[in-house]
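Participant: As a plain string of letters, each chain reads:
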Amino acid sequence: MTPQVTVIDYGIGNLYSVGRAFEVCGAEVLFASDPAQIATARHLVLPGVGAFESGMQGLQDRGLVEAIRAHAEAGKPLLGICLGMQMLASVSEEFGEHKGLDLIPGRVLSLPQTTVEGEPLKVPHIGWATLYKPPEADWQQTALADVQEGDSVYLVHSFAVQTDDPADRLAISNFGGHPVCTVIRRGALIGCQFHPEKSGPVGLKVVTSFLAL
Amino acid sequence: MKNIRLIARLDIKGPNLIKGVHLEGLRVIGDPQDYARRYYEQGADELLYVDVVASLYGRSKLTEIVRRSARDVFVPMTVAGGIRSVEDVTDLLRAGADKVAINSAAVHRPQLISEVARRFGSQCMVLSIEAKQRSPGYWEVYTDCGREHSGLDAVEWARQAAALGAGEVLVTSIDREGTRKGFDVELTRAIADAVSIPVIASGGYGNDGHLHEIVQQGGADAVAVADALHYDRTTLMSIRDAARTAGLQMRHLP
Numbered sequence: 001m002t003p004q005v006t007v008i009d010y011g012i013g014n015l016y017s018v019g020r021a022f023e024v025c026g027a028e029v030l031f032a033s034d035p036a037q038i039a040t041a042r043h044l045v046l047p048g049v050g051a052f053e054s055g056m057q058g059l060q061d062r063g064l065v066e067a068i069r070a071h072a073e074a075g076k077p078l079l080g081i082c083l084g085m086q087m088l089a090s091v092s093e094e095f096g097e098h099k100g101l102d103l104i105p106g107r108v109l110s111l112p113q114t115t116v117e118g119e120p121l122k123v124p125h126i127g128w129a130t131l132y133k134p135p136e137a138d139w140q141q142t143a144l145a146d147v148q149e150g151d152s153v154y155l156v157h158s159f160a161v162q163t164d165d166p167a168d169r170l171a172i173s174n175f176g177g178h179p180v181c182t183v184i185r186r187g188a189l190i191g192c193q194f195h196p197e198k199s200g201p202v203g204l205k206v207v208t209s210f211l212a213l
Numbered sequence: 214m215k216n217i218r219l220i221a222r223l224d225i226k227g228p229n230l231i232k233g234v235h236l237e238g239l240r241v242i243g244d245p246q247d248y249a250r251r252y253y254e255q256g257a258d259e260l261l262y263v264d265v266v267a268s269l270y271g272r273s274k275l276t277e278i279v280r281r282s283a284r285d286v287f288v289p290m291t292v293a294g295g296i297r298s299v300e301d302v303t304d305l306l307r308a309g310a311d312k313v314a315i316n317s318a319a320v321h322r323p324q325l326i327s328e329v330a331r332r333f334g335s336q337c338m339v340l341s342i343e344a345k346q347r348s349p350g351y352w353e354v355y356t357d358c359g360r361e362h363s364g365l366d367a368v369e370w371a372r373q374a375a376a377l378g379a380g381e382v383l384v385t386s387i388d389r390e391g392t393r394k395g396f397d398v399e400l401t402r403a404i405a406d407a408v409s410i411p412v413i414a415s416g417g418y419g420n421d422g423h424l425h426e427i428v429q430q431g432g433a434d435a436v437a438v439a440d441a442l443h444y445d446r447t448t449l450m451s452i453r454d455a456a457r458t459a460g461l462q463m464r465h466l467p
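Chains as they are written, first to last, in the numbering used here: chain R, 1 to 213; chain Z, 214 to 467.
For reference, chain R alone in the conformation it holds in the complex:
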């Protein structure tokens, strides 16, 4: 049976590449912008680029917040990508304080401006980052099941999630000596700061493993 994936379309960013990545990994892709479509989803994807506040506004305007929460509470797989990952957290400090979906407790904070040695860092952080496993993390049976520690992924961001509970961190990367959350996870909820649809074969492995959840 062809797995089906529902990609939330809330008027933000380009969904074409996200959809294509799921298609080449064997899924049938549905784009959903109303709560009823989300209610019937099995695998749900929350993509997103841009500012946190406009992202949350886009979800609220379409009445999607409750549907996404219900999906998560039912224990069904949900993948947040980039801004979509950040919106899984409780609060963001991007341009003031804004409430998120609060599915994985944590805050979205701006990236450090300097290395641990005090050298200036370039923000937004654009490029390929190496994935590391925090000591408490286990990648088996997660979206990272087929990823190796040391693999690289593509990300573009100025803010990053800091989870309240370190156990919610599935992968981190090194930004000027600071550990930055690159993947967060709680149960079947996964958030990737990176773009699986732009991270080459490693990204497609994440997509495939997510579909297998």
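Be aware that a few hints might be false.
[Claimed, not checked] Not the full set, but computed from the structure, chain Z residues with beta-carbon under 8 Å of chain R:
(1) R218
(2) R307
(3) A308
(4) G309
(5) D311
(6) A318
Rather than coming from a laboratory, the hints here were simulated on the basis of the structure.
Computed from a prediction, not measured in an experiment: that's the story for all the values here.
Just so you know, even glycine gets a beta-carbon here, dropped at the ideal spot from N, CA and C.
Let chain R serve as the given structure and place chain Z on it in line with the hints.
Facilitator: Just chain Z now, kept in the frame of chain R:
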């Protein structure tokens, strides 16, 4: 300590992948789609599409080319050439592009940089500078595919564009473009020192020593290579291995 990005640059005219020298004498190489897929499979960190005549002749076929590429290319794509408005950017992003690089239209109307950055984020707005050295320490910005003088100092223009919201600078040296004589280290260094956003060096790759030089001495965060790949003089894998051997940090490939 940061990974240096290795970018495959595809210059486009109409439906074709082409290559010139000093942005002139363009020769047709083939179907861009074949090359894009090959570079993706060989591990390019990004693809850069540049429609070299778009700003002269108006709208191009670039949107179509990008849409075709996005079907099987899963690394970031930057698109340049003939982009004049927020609407043009919207079309390209919908087609699967991740960033746009703007030269002529930004020179004519710098506010466009802010408009694109505000709408799509700075990370999406790459300033493209095509410059020729006019005197020691002075490089002039050219528009319309190296044909028109702008009177702008490339370093000053980069600084101004960064302040307006550009998230990266693509620096193409017209003097070096297509020559295989090495990147313009001085120009790239001057711009890298002037701005805090990433700098992509383009134009002049001839051998792996040039890559090391432009990163170590030129301060480049990313390097674009074109005809050396198109004509099979080297491969992305070989460039990557040489860079790593020389001590540069590159993306790990599985």
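Participant: Compare the structure with each hint and give your call.
Facilitator: Going through the hints against the structure:
1. Taken as an interface hint, R218(Z) checks out: its beta carbon lies about 6 Å from the nearest beta carbon of chain R, inside 8 Å.
2. Because the closest C-beta pair between R307(Z) and chain R is about 6 Å apart, less than 8 Å, the hint holds.
3. The closest approach between the C-beta of A308(Z) and any C-beta of chain R is roughly 7 Å, which is under the 8 Å cut-off, so the hint is satisfied.
4. Proximity of G309(Z) to chain R holds as hinted, the smallest CB-CB distance being about 5 Å (cut-off 8 Å).
5. Among the interface hints, the one on D311(Z) holds; its C-beta lies about 7 Å from the nearest C-beta in chain R, closer than the 8 Å criterion.
6. Because the closest C-beta pair between A318(Z) and chain R is about 21 Å apart, greater than 8 Å, the hint is violated.
When the structure is compared with the earlier hints, a violation turns up for hint 6 alone.
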